[in-house]
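Chemist: What follows is each chain in one-letter form.
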Amino acid sequence: MPAELLRVLACGSVDDGKSTLIGRLLYETDSVPDDTMAALEADSRRFGTVPGGLDFALLVDGLAAEREQGVTIDVAYRYFETPRRRFILADAPGHQQYTRNMATGASLADVAILLVDAAQGVLAQTRRHAAIAALMGVRRFILAVNKMDLVGFAPAPFAAAANAVRTLLARFGDASLVAIPVVARDGDNVTTASARMGWHDGPTLLAALEAATPPAPPADAPARLPVQLVLRPDAGFRGYAGTLRGGRLAVGEPVANARAGTGARIARIIGPDGELDAAAPGTPVTVTLDHEIDVSRGDVLAAGPAPEATQQITARVVWMDDTALFRGRAYLLMAGAASTVATVTEIAGRLDLERIAEAQAHELAANEIGTVTLALADPLALEPYAADRASGAFILIDRLTRATVGAGMITRVQPNGRAIYWHRLDIDKAARAALKGQRPAVLWFTGLSGAGKSTIANLVEQRLHALGLHTMSLDGDNVRHGLNRDLGFTEADRVENIRRIAEVARLFVEAGLIVLVSFISPYRAERMMARERVAAEEFLEIFVDTPVAECRRRDPKGLYARADAGQIRNFTGVDAPYEPPLSPELRLETLTAEPDRLAEQVVAELRRRGIVG
Amino acid sequence: MIPADAAHLAALEAEAIHILREAAAQSARPVLMYSIGKDSSVLLHLARKAFAPAPLPFPLLHIDTTWKFRDMIAFRDATAVRYGLTLRIHTNREGLAQGINPFDHDPSTYTRIMKTEALKQALDAGGHDCAIGGARREEERSRAKERIFSIRGPGHVWDPKRQRPELWQIYNGQRAPGETLRVFPLSNWTERDVWTYILAEGIDVVPLYFAAPRPVVERAGALIVVDDARMRLAPGETPRPRMVRFRSLGCYPLSAAVESEATDLPALLAEMAASRASERAGRLIDFDQDASMEAKKREGYF
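Here the protein sequences line up with chains A and B, keeping their order.
Start counting the first sequence at 1; every next residue gets the next number (the numbering used here).
Start counting the second sequence at 1001; every next residue gets the next number (the numbering used here).
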């Protein structure tokens, strides 16, 4: 029965033959069932790239698009074993576009097989993969120099590739490297030594994999229990559930909650098979404490020297989103079970993969690796990315799309009280809006008195609020009674009224809010002035189009009656003009649709414009 | 069982419990997909461990096509009573009313209506933002590509090109409006892991997994067990008793049995070690077109 499990990552540039190598490895270790082999023979005839032979890449490329295009898009996990060992093999895509999927496979790998095409040599993407794997803590590398037949089985190109990779890895610490010349398609040096390359005196790929050992966890590390959830089945039981890491934890031991600065002793430990006196790292446990302290999801119960709570960290970040990372942007940071909002306060540099050196950077584009300082909204108990990789790792999540956009490894933790906030950071509109996970905008509702502006604006605001968006509404009633109480209804006062409203709306947009303005605002010029106060994509003119006869019929505040009776002068639609918008972003006809429908129409338009996610 | 195997199973168990706890902690209305098979039995066992001494923080959901083996239904109901579980059962009533069945309709249509559509109906009706299932990456090549926390867009569709990177053991359960989550705690388990764990933990499974004489007809090389009187027999076709068992259980007319003498777990493990066929080879719904599972998954199949 095979012993330890080894997690292996296969990576390298596109077209270097990873899938072929893995398919070959599975085939030669007798890991392919008969019916799957029959399917492979049929697939090879249909999609294959090996005339008359088996195309082993088709064993692992599982998605329809991958099989059609002959490229690997996503990481695939394969499970196989030899008499000596069990393997989980993560097959990572080589395309730069899918680097994020490669990082997914690298985060848990013990060993990385780095593939190079002998004829192509070490490419930028090879360096990128080696760098990401090394940064993520992979310490054992196997270099497979593939397609040796294309260079006439000559040792020189093999040695050149091995030297280039050895130099590269030396930049990332104490990684070991075994280099092997192979022809994946024919099986040379995959599981059996190649007769065509007698000069190679090292192991075959399989022998190298079987000889590699998973790194031993550090022996004397202190116990850490990141709390995933609090279990309270009844009033008498309050347990903290999580997977123990670091070191052993025993009943009676004191633990501290780093975030709250409180402590207690372990009363009970419940493991998967029941009550325990002590638990080893890696065990999923539920613990109870000898007295109640404040502990919730995301807290870390720590034995030994406790980590300090921090609100400022520096980390290596692998960026994975098509939208770049900028200084001032806020993301959701998730580290284990803990999460908080993190704002980028500084980009210290970007890893130049050609020179393998830090370069200056103002942003991180997709697939770039940089060093970034983050300010955290809440204090978290964090530690640097350790050898066991269970601590100090985090992901960054886009607050609108909720996608994972970055992977971080903490290099430095600034304990609270010593953090330097907002170093070189200008807080701007984008930063404030990002903190709220939204885009600022002005929704300018214009139309006659009684047209339904406030009614619709209220319904829109309720929907936006329900979506978790931060809004503010401005209408005649709440502004004319305060800020604008010195203004009347003459043309000059109406212009000044709108100017002030436009300025207030701009300030709220600067604050990152979605502002709903409901004013008759009868003149095109003033609406244009309001529009020009903010960026073009931030202003939506919404014409609430109700004929004056209908407004007069509705007359909710009795204003038309009073204007007709001469009690109100300069009343729009009676004795003052209304200039309808010529090209509003949205026109709402209230005669033919209910306010709810119209409000939906506004929200749909906001979605279409990406203001609402 | 030797210690190396125990350590391996303990690591898989720990990973699954960690994932189950994350799914529960990050979801408002999670549900555990219970399909009665061996993987569901293991999943339920792990869930009971993950939240002990508290009860399961989610109900179980079974999509009943009405064509499951009678032994499966009996086992399901007994399990729910034994552990005091909240079990929800859903059948696509419109599909049933239209007379959709595995004899008159091709496997794709039948699966889409009675399984995939039924599942979507049940998830929507229950307002479930997270469905936990027992699928394993080893089972099938498009499953090999799926994340442990897998995001589904509106309509429960899977977009394999939009999968989130999933690093370390940090599971991003954030959902945008309209999105739901599928969670697979057994992703890294193999068929052998499942059976060795069942043996080590003494987990009960449906008796159909063990060899017994059962009435069988042979169709295009597949051994179909006649479970009830609804089975349509071709002229001249007579069920004959044969010693068979199942490696994978689905609807009875669509699940092929294998000849076997394995009447207990050790015999079953020995037989599996010698087998040359893949686990889902007996699942007829997998083979009606190329990349068949991926197409079903995109539509929302588990």
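What the hints contain is simulated information worked out from the structure, not anything from laboratory work.
Please note: incorrect hints may appear among the correct ones.
What the hints assert, rightly or not - Think about it this way: if two alpha-carbon atoms lie no more than 25 Å apart in a straight line, the pair counts; the simulated DMTMM-like pairs of lysine to aspartate or glutamate are:
| id | chain 1 | residue 1 | chain 2 | residue 2 |
| --- | --- | --- | --- | --- |
| 1 | B | Lys1049 | A | Asp273 |
| 2 | A | Lys557 | A | Asp486 |
| 3 | B | Lys1161 | A | Asp321 |
| 4 | B | Lys1049 | A | Asp290 |
| 5 | B | Lys1120 | B | Asp1106 |
| 6 | B | Lys1049 | A | Asp234 |
| 7 | B | Lys1049 | A | Glu253 |
| 8 | A | Lys436 | A | Glu600 |
| 9 | B | Lys1161 | A | Asp15 |
| 10 | B | Lys1161 | A | Asp290 |
| 11 | A | Lys557 | A | Asp428 |
| 12 | A | Lys436 | A | Asp290 |
| 13 | A | Lys436 | B | Asp1129 |
| 14 | A | Lys436 | B | Glu1179 |
| 15 | B | Lys1161 | A | Asp43 |
| 16 | A | Lys557 | A | Glu496 |
| 17 | B | Lys1120 | B | Asp1104 |
| 18 | B | Lys1161 | B | Glu1179 |
| 19 | B | Lys1049 | A | Glu496 |
Chemist: For every hint, state whether the structure bears it out.
Modeler: The hints, checked one at a time:
no.	hint	in the structure
1	B/Lys1049 with A/Asp273	holds (8 Å)
2	A/Lys557 with A/Asp486	holds (22 Å)
3	B/Lys1161 with A/Asp321	holds (13 Å)
4	B/Lys1049 with A/Asp290	holds (23 Å)
5	B/Lys1120 with B/Asp1106	holds (20 Å)
6	B/Lys1049 with A/Asp234	holds (17 Å)
7	B/Lys1049 with A/Glu253	holds (24 Å)
8	A/Lys436 with A/Glu600	holds (22 Å)
9	B/Lys1161 with A/Asp15	holds (19 Å)
10	B/Lys1161 with A/Asp290	violated (49 Å)
11	A/Lys557 with A/Asp428	violated (41 Å)
12	A/Lys436 with A/Asp290	violated (40 Å)
13	A/Lys436 with B/Asp1129	holds (23 Å)
14	A/Lys436 with B/Glu1179	holds (20 Å)
15	B/Lys1161 with A/Asp43	holds (22 Å)
16	A/Lys557 with A/Glu496	holds (24 Å)
17	B/Lys1120 with B/Asp1104	holds (23 Å)
18	B/Lys1161 with B/Glu1179	holds (16 Å)
19	B/Lys1049 with A/Glu496	violated (69 Å)
In terms of the numbered hints stated before, the structure departs from hints 10, 11, 12 and 19, listed from lowest to highest.
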